[in-house]
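A.B. asks: So the sequences go chain by chain: A and B.
Under this note's numbering, residues 1 to 362 are what the first sequence spells out, in order.
Under this note's numbering, residues 1001 to 1844 are what the second sequence spells out, in order.
I should point out that these hints are in silico values taken from the structure, not numbers from a laboratory.
The beta-carbon is built from N, C-alpha and C at its ideal position, and this holds for glycine as well.
Take these hints with a grain of salt, some might be off.
Stated by the list, open to error - Which residues of chain B face chain A? A partial, calculated answer using Cβ under 7 Å:
no. : residue
1   : Pro-1239
2   : Arg-1352
3   : Arg-1356
As the list claims (entries may be wrong) - Distance ranges between label pairs, derived from CB positions:
no. : chain 1 : residue 1 : chain 2 : residue 2 : range
4   : A       : Asn-44    : B       : Gly-1797  : 56 to 66 Å
5   : B       : Glu-1336  : A       : Ser-321   : 32 to 42 Å
6   : B       : Gly-1797  : A       : Glu-357   : 39 to 49 Å
7   : B       : Gln-1723  : A       : Glu-93    : 49 to 59 Å
8   : B       : Arg-1438  : A       : Ser-321   : 57 to 67 Å
9   : A       : Glu-357   : B       : Ser-1634  : 22 to 32 Å
10  : A       : Ser-321   : B       : Arg-1399  : 55 to 65 Å
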Amino acid sequence: MAADANPTPQEQLDAALLGFESALPQVSSEAELYELQVRFLGKNGAVTKLRSLMGKVPPAQRKELGQAFNRVKQAIDDGLAGRKLALAEAARERNLSRHVDLTFVPDPPRPGTLHPITQTRRELEHVFRRLGFDVVDGPHVEAELYSFDKLNIQPDHPARDMQDTFFIARPEHDPREGAPSLVLRPHTSPVQARTMLRHGAPIRIIAPGTTFRRDDDPTHSPMFHQIEGLYVDRNVTMADLKATLYRFVGAFFGEGLAVRFRPSYFPFVEPGAEFDMQCAFCFDGQLSHGCGLCKQSGWIELGGSGMVHPAVLEQCGIDPSVYTGWAFGFGIDRMAMLRHGISHLRHNFEGDLRVLEQFTSP
Amino acid sequence: MLLSCTWLSELLGRPLDVSPPFDAGNPFSAVNIAARLTNLGLEVEGVEYFELPKIIVGRVDDVSPHPDAAKLNVVQLFDGARTIQVVCGASNLPPVGGKVAFAPVGAVLPDGLELSERELRGVVSNGMICSETELRIGSDGDGILVLPSDWEPGTLLQDLVPGIRDAVIEISVTPNRPDALGHLGVARDLALALGCELTLPPVSEVTTGEPMPTLVTLEAGDRCPRYLGYALEGCRVGPSPLWLRVRLHRVGLRPRNNVVDVTNFVLFETGQPMHAFDRQRLSGERVVVRQAAAGEPITTLDDTKLELDPDDLVIADAKTPQALAGIMGGEGSMVEAATTRLLLEVAFFEPRAIRRSARRYGLRTDSSHRFERQVDFAAQLELAAARAVSLLQQLSGARCVGHCDARAELPVPAQISLDPDHVGRLLGMDVSASEIARILQGLGVSVDRTNPQAWRCEPPSYRPDLGRDVDLIEEVMRHHGLDELPARHSSSPEELPVLPEDPLRALANALTDGLRACDLHEHVSLAFTAEEHTLPFVSEFQATQLVRPVNPMRSQQGCMRPHLLPGLLDAVAYNLGRHTRPLGLFEVGRVYLWPLTSDDAPDSGNPTDEVDRYLPTEPSRAAAIRAQRVSGDSPTGELARALTRDLSATLARVGLPAQLRAPTQPRPWLHPGVQVGLWIGDREVGVAGELHPDLLAGRDLGEFELGYGELWLEALPPLPTVQFQDVARFPATTRDLSLDLDTRISSAEVLAALTRAAESAAAPGDVQDPPRLANADEPRRPIELLEDYRGAGIESGRHALLLRLNYRAGQRSVTDAEVQALHDKVVAGALEQLTRVDPAARIR
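Between the sequences and the hints, there should be enough to build the whole structure, so can you do that?
C.D. replies: Shown next, in the form of structure tokens:
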């Protein structure tokens, strides 16, 4: 019997294991490891194929061969798993040895910006919404009726000169008679009249919007933005106006800033007052000591206010013996300039990129 | 209005401290008076202090010509102690013994010049003989100030003339306070605030002569309810005394002669304008108050020739108008040096008509300013008249020989019922009844407190602004002060309604955020534009639709913008002239156009319809522009594409994804080959493209490439609330497709062809749940545009369009084979359509 010519199953198993063990160290990637696994343990793998030898050995040896087979398979499994672990460890080492300089970042694009007037208007709207105000607006080209007459500014009265107004020509192609005389609204107050006419009392609104006056100098632009507040209800008082302005100033500029009134005249309110706030820019928590922005006075003039004139309520269909109300108004542009320290009005409307791109916001 | 503190001090009957604000604790210092005025609603614009600490009276003792200068004299001046040599160039030096204003060495002139010993062409001058202008007590700078010869040499000038030392407070007087347009009214407010007694201007005993009913004929009594006329004789017209000239100069007036100066003085004292006619030059020596005849001529004092309107009120003599009533006198009867007989007018004119006339001729005078705000027609009018007659007698020697008080129907004083509790209810703080009464009575309001809940109040006739109870409450507020006003919310029993949000406002805000997220910068431009800048848009609207101010400030602002492009272009031009960086701006705002037809808009049922149907339209737009210098031969279209992408991304961001396809009408201001419409369904909602080279050339922007696009907010559907769609459970299978096409075939057309082909390829009922192009509502579009390639390998005029098509079934995985079959059908169907317009269209 030429025993050597035909290797025994055990010898074949040993040879396969030897082949695996010599191939394993050459493996350098997970993919190669998988290939190796398939080569030995796959459906047609070298070791798998040896299972068919089981049928060719006498039954007495089968048990022993089976155990040998399992030992080889186990050895290969262990080898694969060990190698896999080593590969992963090597990969992790390689990964961790990388170095990326994150201080080098190509210039990111300049983020888009909102105009400071938009930002300020939105912030004002936000604050007043929190205080319970609805936001409304109206047409820019407005009837004199709503811009003046309904606001107790009578024709041929000098109060009409308090603002220099743009008048709007009727179109040639409109033959209708009885058309009202039109203006570019010189204040947002017509929105008051419109809202009262439409919704009656009680009502609490702000009306931010674009306004126009024939003024063009370093501190006036023919187009500007105003915000107007109106509250009409039973028992509304000047003290309530002060409380509202106080809360607004606190929310917008910071807590603790005082608000004061100075008597003044606006035809649509009586009594009327200008209102100032303690200068927020030189405020130490108690006092404002004076700075350039408040011209050393410690106070910043904000706008006009007062109790809605009973004639205005009457004109707008509200009974002044039942309801009282207050109104205030101030410039958004100036507020934006104060808020951002914008030095000159002209920056607002020129559209200079170098100005606009500074006003990043959340 | 300029207030002289010297004047106020006379009316308050006590001295005021007019030094610069050293003593802040003195309530009667000018600085505190100013603060008080502001708190009373008479807002102070500024305070200016005047004094001449070292200027003295000098006596001319000798005058000899300068040895070396023809126009100079060497004067020996006696300063009360010694004789001083001064060189003087004035031509009006008084003779020896005359008095002049002398600034010795060491004196400081108001302009800051400190005098020192000087040599003028070899002669030493120890000081200066001054003119009014140099001392800032007058406007006559032609010669030196010559003083009355009986003044004592060496006396300080400011001790001799009241008002040289003064503080002048500038206040702005609101239109409701005509009484504060004279020192008396301001003093009345101050007297109450400071707790001192008002001292009325002194009126010396004057006779007003006989009643002369023929002196004044009142034909237009409705326009002039009261006219006091005085006939004066023996007037000697000449310069006013120095104190009067200084006083007028302090309040900003130029002295003329004693008669005119007296009328101006009384105007600034009492707020009552008046006019003196040369009676001799009045035909019939009388006046008629009447309305003008149409076209009637008058030449006013300032030599303006007017043709009058029948609405004008005139003061005529027996023949012709001699004054435009309440506004300006006529040249024909003005007081001159030779005048001896006067007719003095002190009248009350109906305010609105005065204002109309003043505006008609653009004549705003101190007089019209007061009349149109309404002067007093009762006691103060009479006081002013007596004061003027008295001063004229005193200063010009004129005697009053006759007078006439012509009256028509005078305004009825308001009777106001005031509930004192209402004061506290409206203000929100307690003010006692006695305090209310104190303030009102202190202001001249008569108060009858018989009924404690309804006081009967009658305001004085010099306060026409007090007409309702709230006006009285304001007076209480002014004088009681608002420092104690608490900040306290009131409680109201009613629920406040919540008004509907304006959907357009929300949309505008959303688009603003979207465009900003595209790294664009928001710009706000003036809503005006030059008419020439609207020309590119004439195909979109007619010139008559432009909304135009009647009174624009300049022609570049001649109309309201009908479009956002001109404003953005202005900003682009501004930037490109100043730096070289690429630029991306946007603006969200309104444009203004008259509707083409004026059919009455249907009633919306709002009370404002009566006005709204006559208003122009104000559609809202969101527009963006990108600009950069053209680097090669011609623009690349890159910016137009970027802009289109910005707008698409912005719409997608707010939940309103749009499709791109040809605009309904090509825009002539965009490049004909580089423009696109943005569509939502069958509605065009915007347009984008490259600006037309001709438009850019017209704006000197020829070297730049500009992409522009805009969205029309009214055309956009309301902002949607996203409805959740379950994620696809089965994966899509993709097929890439590269087409070789003529460049004139747009991607939109290819997409449309493929979509149509896919619709007809998927025959329903064929298979259960067949594969199809994935629905457009799912996150990945059914057909994705990957690349638009032009260049090597592609013929010129053609491009390779690389697309990716997504296929999936609803509830199962699809097989490769069935997708391939469908894809082949889709491509074949699309090519069939495309070859109709481009026979060479093919798959690459």
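A.B. asks: Hints first: check each against the structure and report whether it holds.
C.D. replies: Evaluated hints:
The criterion of a C-beta within 7 Å of any C-beta in chain A is not met by Pro-1239 (chain B), whose closest approach is roughly 35 Å, and the hint is violated. Nearest Cβ of chain A to the Cβ of Arg-1352 (chain B): about 4 Å, under the 7 Å cut. The hint holds. Below 7 Å, beta-carbon pairs count as interface contacts, and Arg-1356 (chain B) has one with chain A at about 6 Å; its hint therefore holds. As the Cβ distance of Asn-44 (chain A) to Gly-1797 (chain B) is approximately 58 Å, the hint placing it in 56 to 66 Å holds.
As the Cβ distance of Glu-1336 (chain B) to Ser-321 (chain A) is approximately 60 Å, the hint placing it in 32 to 42 Å is violated. Evaluation of the 39 to 49 Å hint for Gly-1797 (chain B) and Glu-357 (chain A) yields a pass: the beta carbon distance comes to about 41 Å. In this structure the hint that Gln-1723 (chain B) and Glu-93 (chain A) lie 49 to 59 Å apart at CB holds, the actual value being about 51 Å. For the hinted restraint 57 to 67 Å between Arg-1438 (chain B) and Ser-321 (chain A), the CB-CB distance of approximately 27 Å leaves it violated.
Range check, Glu-357 (chain A) to Ser-1634 (chain B): Cβ separation about 29 Å, and the 22 to 32 Å hint holds. Checking the proposed 55 to 65 Å range against Ser-321 (chain A) and Arg-1399 (chain B) shows it holds: the Cβ atoms sit about 57 Å from each other.
When the structure is compared with the earlier hints, violations turn up for hints 1, 5 and 8 and for no others.
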